[in-house]
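Student: Single-letter residue listing:
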Amino acid sequence: MALKIVKGSIDRMFDKNLQDLVRGIRNHKEDEAKYISTCIDEIKQELKQDNIAVKANAVCKLTYLQMLGYDVSWAAFNIVEVMSSSKFTYKRIGYLAASQCFHESTDVIMLTTNQIRKDLSSPNQYDTGVALTGLSCFVTPDLARDLANDIMTLMSHTKPYIRKKAVLIMYKVFLKYPESLRPAFPRLKEKLEDPDPGVQSAAVNVICELARRNPKNYLSLAPLFFKLMTSSTNNWVLIKIIKLFGALTPLEPRLGKKLIEPLTNLIHSTSAMSLLYECVNTVIAVLISLSSGMPNHSASIQLCVQKLRILIEDSDQNLKYLGLLAMSKILKTHPKSVQSHKDLILQCLDDKDESIRLRALDLLYGMVSKKNLMEIVKKLMLHVDKAEGTTYRDELLTKIIDICSQSNYQYITNFEWYISILVELTRLEGTRHGHLIASQMLDVAIRVKAIRAFAVAQMATLLDNAHLLTGNMQRNGICEVSYAAAWICGEFSEHLENPMQTLEAMLRPKVATLPGHIQAVYVQNAAKLFATVLKSQEGNTDSTAAQETSQLMIERLPLFVQSANLEVQERASCILQLVKYIQKLQQKDVEVAEEVSALFAGELNPVAPKAQKKVPVPEGLDLDAWINEPPSESESEDEQPKAIFTKEETKHSRPRHIEVDEKELARRREARKQEQANNPFYIKASPSSQKVYQDTPGVEHIPVVQIDLSVPLKVPGLPMSDQYVKLEEERRQKERAEKKKKEKKKRKEKRSGRGKKHDSGPESEEDITPAHMVDIVTEEMPENALPSDDDDKDPNDPHKALDIDLDNLGEMAGRRPLADSEKLPVRSHRAVEAAKSPGEDGDAETVATQQPKKKSGKDKRDDKKKDKDKERKKSKDEKKKKKHKHEEKEEDLLRGEVHEPVVQSEGISQVAELPTSTSAEVSDLDFWLSNAPVPSNTQVESPPLPLPLISSVNTPLIHSMNYWSVICCFFSRNLSLYCLPMWISDLFFCLVLIFLTLVFFDTASSLKGHITLSSSILQPSSV
Amino acid sequence: MMRFMLLFSRQGKLRLQKWYTATAERDKKKMVRELMQIVLARKPKMCSFLEWRDLKIVYKRYASLYFCCAIEEHDNELITLEIIHRFVELLDKYFGSVCELDIIFNFEKAYFILDEFLMGGEIQDTSKKSVLKAIEQSDLLQEEDESPRSVLEEMGLA
Chain L
1 MALKIVKGSI
11 DRMFDKNLQD
21 LVRGIRNHKE
31 DEAKYISTCI
41 DEIKQELKQD
51 NIAVKANAVC
61 KLTYLQMLGY
71 DVSWAAFNIV
81 EVMSSSKFTY
91 KRIGYLAASQ
101 CFHESTDVIM
111 LTTNQIRKDL
121 SSPNQYDTGV
131 ALTGLSCFVT
141 PDLARDLAND
151 IMTLMSHTKP
161 YIRKKAVLIM
171 YKVFLKYPES
181 LRPAFPRLKE
191 KLEDPDPGVQ
201 SAAVNVICEL
211 ARRNPKNYLS
221 LAPLFFKLMT
231 SSTNNWVLIK
241 IIKLFGALTP
251 LEPRLGKKLI
261 EPLTNLIHST
271 SAMSLLYECV
281 NTVIAVLISL
291 SSGMPNHSAS
301 IQLCVQKLRI
311 LIEDSDQNLK
321 YLGLLAMSKI
331 LKTHPKSVQS
341 HKDLILQCLD
351 DKDESIRLRA
361 LDLLYGMVSK
371 KNLMEIVKKL
381 MLHVDKAEGT
391 TYRDELLTKI
401 IDICSQSNYQ
411 YITNFEWYIS
421 ILVELTRLEG
431 TRHGHLIASQ
441 MLDVAIRVKA
451 IRAFAVAQMA
461 TLLDNAHLLT
471 GNMQRNGICE
481 VSYAAAWICG
491 EFSEHLENPM
501 QTLEAMLRPK
511 VATLPGHIQA
521 VYVQNAAKLF
531 ATVLKSQEGN
541 TDSTAAQETS
551 QLMIERLPLF
561 VQSANLEVQE
571 RASCILQLVK
581 YIQKLQQKDV
591 EVAEEVSALF
601 AGELNPVAPK
611 AQKKVPVPEG
621 LDLDAWINEP
631 PSESESEDEQ
641 PKAIFTKEET
651 KHSRPRHIEV
661 DEKELARRRE
671 ARKQEQANNP
681 FYIKASPSSQ
691 KVYQDTPGVE
701 HIPVVQIDLS
711 VPLKVPGLPM
721 SDQYVKLEEE
731 RRQKERAEKK
741 KKEKKKRKEK
751 RSGRGKKHDS
761 GPESEEDITP
771 AHMVDIVTEE
781 MPENALPSDD
791 DDKDPNDPHK
801 ALDIDLDNLG
811 EMAGRRPLAD
821 SEKLPVRSHR
831 AVEAAKSPGE
841 DGDAETVATQ
851 QPKKKSGKDK
861 RDDKKKDKDK
871 ERKKSKDEKK
881 KKKHKHEEKE
891 EDLLRGEVHE
901 PVVQSEGISQ
911 VAELPTSTSA
921 EVSDLDFWLS
931 NAPVPSNTQV
941 ESPPLPLPLI
951 SSVNTPLIHS
961 MNYWSVICCF
971 FSRNLSLYCL
981 PMWISDLFFC
991 LVLIFLTLVF
1001 FDTASSLKGH
1011 ITLSSSILQP
1021 SSV
Chain W
1 MMRFMLLFSR
11 QGKLRLQKWY
21 TATAERDKKK
31 MVRELMQIVL
41 ARKPKMCSFL
51 EWRDLKIVYK
61 RYASLYFCCA
71 IEEHDNELIT
81 LEIIHRFVEL
91 LDKYFGSVCE
101 LDIIFNFEKA
111 YFILDEFLMG
121 GEIQDTSKKS
131 VLKAIEQSDL
141 LQEEDESPRS
151 VLEEMGLA
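For the record, the sequence lines run as chains L and W.
The UniProt record's numbering puts the first residue of the first sequence at 1, with every later residue one more than the last.
The UniProt record's numbering puts the first residue of the second sequence at 1, with every later residue one more than the last.
The hints are simulated quantities; they were obtained by calculation from the structure and are not laboratory data.
Some hints here could point you the wrong way.
Residues of chain W placed beyond 10 Å of chain L at every Cβ, according to the derived structure [unchecked claim]:
(1) K29
(2) L55
(3) L90
(4) V98
(5) F107
Subject to a maximum C-alpha distance of 20 Å in a straight line, what follows is the list of computed EDC-like cross-link-like pairs (lysine to aspartate or glutamate) [unchecked claim]:
(6) W/K43 with L/D402
(7) W/K43 with L/D353
(8) W/K60 with W/D92
(9) W/K29 with L/E32
(10) W/K43 with L/E32
Glycine included, each C-beta is placed from N, C-alpha and C at the ideal position.
Generate the whole structure from the sequences, applying the supplied hints.
Tutor: Structure representation (structure tokens):
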């Protein structure tokens, strides 16, 4: 055996250590994978040795390999072995490896519970520390449940080093085991006032994290945090607290009012940018929550904007970015104050940094007005030309369209200008957003009647020049634009100056290279154009021209008939046949133009979003009637629905082959019904069928609002947006002179009604009044489905479970019987002064319900305090009348709970009094919020800490289970690795080693540390 | 709360990774690769923040090493930069003008320092002194540990 040890230590000398491994990897750059695989083999050998030093070294190397991306999950058990080493050196490595490699599905984690518990209670604070750090990375729900009590004890450890770690890890424990929040919270709260600043900031961190997710439960801590905020000088802590207040203020606007002053003071005084930024953010949050703008708050907004301007002007890109980010938050509620910094934001568009430019773009969206829209877009267009990366350019493009089209084109005063901007945008190469431009073109052309002539002219030139672009258009998304162009030219062909030319452009052979859906539109609209052309040519009594046009169609259409795209093919062949028929008629000198254009008669109007719902059900249509009778019914009743079907078919006038004989039909129907009955996916008669059967008479009821420009539009030849900017300027100047008188009146009105919805420049409504009434056609939404529904919390969100009402811990405890395994830690009361911090008294009682034996002395104090509370409550009843809504709700809830059965043995008398005390607490918060002086002299009595350490029933079972699993694992491993005799010798060696240590180091502590694993194995056998 | 911290070199080699939320190995690799690509592609004069998935990425380059943190939506970017800087200062104090090689060869030490400084994605101690003290003392413990071991081994030899 001695020989074996000698061998082991000699082996060690030749083992690679971590440095060797790293060096080796660096020297084998070309065959790294091969080298590492040999290293892993070596490591596997090393892990089989008994020397813990060798194992630790191997595990350390594995940790490095794990970082490089190699799978080391096979060594999980070895990691546990190293973790359980008595020596800090190895333990440290073991825990590091575990924290890097373990995750919830690592099955050996369940073996670690006792080891970790032992380390947590180790006399060496660094053992405890290393265990806590490791645990924070791989804590599982099981570990959290089993160790929650141990960690809770550590929260009041004598060493602040342990305390702060224990406090921090509690957050992880809460996430994994939400039930622990309730019992642990009082102590956590206590740590907010820990003498050690590290522990204090840890507690602030944890509570801030918790409160950010479920702010309403932490509202009662506001006074305490307020005190901390005004007293603390630690910026790290201040930032967290201020952030916390940012989460609380939306729930309690009065808190916001109280905060404004200290926050503005901080903004003025601090030199730390991070703190300044946090303060500004919270002030913004506060001001958002105080929707009713108080006059003196405009000063704080101004201050924020001012400070942000300084940030944005800073040469540090980071500050610039954050300044813009915060600015966009202000923009939502106070657009006016941001708009005055337009120059600065436009300047940011020139920044070298793309992320800053994008932020500036976001801001611009909210800054446009009727007055400056053209100017801003002009600037953006310049950037589009300069932009190097396609992603940024695409972003610019979408932003331009967003900015222009926002709130129903509210800010566009001149649609000619907008169309020409869109046309200019089509010249971008390689953009993905062709469809966006196309849909804008369609939208504007359809909805702004007055612009149609201009739009059609522009689209015609676009189609004419399309062949220049088609080469690249194919690849980049811009070809979508020709979809819109073709449709607009076809649909509004009466506005075309030279329809024949456009018709030819649309029938060019090159068109066949476009995507199918665009070709289909081309073919269809060529037919529309054809009708228009015929009409004009027949009017001229020049029959040959008309015949030539037909000839042109007949020559060009076969190209499309051959198309592989079904849609194109079908449309082309239909139209081709039609034209051939027309040609025959023309040869007989029959006037056809009227009839042909009748094919495309009627106007398409935009449909309002909810129009479909308002369409009345036509008479005689019973929506509840079966379309297809359920298969169980008899044949004769089927006849009626069938009739509906045939009607429907004729209406659509689709050529169908219905000439199948009746028997065949019946047979098929039977077969189909059978199939439907057997098919689980077949949807049987649903109410949504009403959409399909809505009939024409409803159309008049569709609320359609069209916009007409009050300004007459001229149609000049070239589509240069700049031209329109000038024209627009002139026009405005003229109008301005006329409107001056009106303006004055308006301004007066505005002054009185300020604070309402903001409005753009001085010349607003008069320019285009109807613009406000445009109905945007949006995607349909199912009934009752609001967009806000999407914001619902993720059901897997771990924080959902932490939504526990912490103010009423006692209530909760009374309402829900405690599980056997859990006990609440008992806390002593704080000595309550006459004017005490309100957040505190509530939970002093909560815990009192738990331990009947310790009560006797405290009870009296409790009662006294309650009496005081009652008295105070009376005096405050008046104030409570003004109470905020949710507080009322809260109180109601509490009252309701009084009648619930209470499980606690002596709880009955207590519970009767609870509602008064909790409501007293609520009114305490009230009292604090209503500007009462913040109590500063709250005394804290140090708690005597009678802690229930290990839960009574469940845990021993768990312990023994863990022991057994360790044994099983150990046995199976060892048996598979060695033959049995060798294992016996191992055990023997172990015992000898223990003996030797006993002899040589008789200090109990070293023994305890030394035999961790072996003892955990030996214990159960002795039991 | 910080979600994870990565250290990687200009060449895209990962030097350190610390995950404060349990993440599957495969996702980790994917995220690391994706992030490295994004961060390395950024030009030196660009700001240190970017929005990525539902997280905010704060990164800073020190010599050839990128320190990259992922924080949650509500977290303060500037304080995260400060955390990175603190960590670098700690490394610097510990190794004495730290360079990339120090971290490569003593990667476990770098982890120990990080673990003393941050825990569970939250800063543990804002004072550099106390962090360094904790590390020094546990190193001392480690050395103490090592000496009795050799005694034991000798004992085994005897």
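Student: W/K43 and L/E32: Cα distance at most 20 Å?
Tutor: With a Cα-Cα distance of about 30 Å, the restraint between W/K43 and L/E32 is violated, given a limit of 20 Å.
Student: Hint check: W/K60 vs W/D92, CA-CA at most 20 Å. Holds or violated?
Tutor: Distance ~16 Å between W/K60 and W/D92 Cα, so the pair holds.
Student: Checking the smallest CB distance to chain L, is W/V98 really beyond 10 Å?
Tutor: holds, 16 Å
Student: Is W/K43 within 20 Å of L/D402, Cα to Cα?
Tutor: violated, 28 Å
Student: Given the hint that W/K43 pairs with L/D353, test it: the Cα-Cα distance must not exceed 20 Å.
Tutor: holds, 8 Å
Student: Verify the proposed pairing of W/K29 with L/E32, using a straight-line Cα cut of 20 Å.
Tutor: Holds, at about 18 Å.
Student: A cut-off of 10 Å on Cβ-Cβ distance, and W/L55 was said to be off the interface with chain L. Does that hold?
Tutor: holds, 15 Å
Student: Was W/L90 rightly flagged as not at the interface, with every chain L Cβ beyond 10 Å?
Tutor: Fine: 15 Å to the nearest Cβ keeps W/L90 off the interface.
Student: Taking the closest pair, is the beta carbon of W/K29 still more than 10 Å from chain L?
Tutor: Given that some Cβ of chain L is not farther than 10 Å from that of W/K29, nearest at about 6 Å, it is violated.
Student: Beyond 10 Å from chain L, beta-carbon-wise, is W/F107?
Tutor: Incorrect as stated: the minimum Cβ-Cβ distance to chain L is 6 Å, not above 10 Å.
Hints 1, 5, 6, 10 from the earlier list are contradicted by this structure; the remaining hints agree with it.
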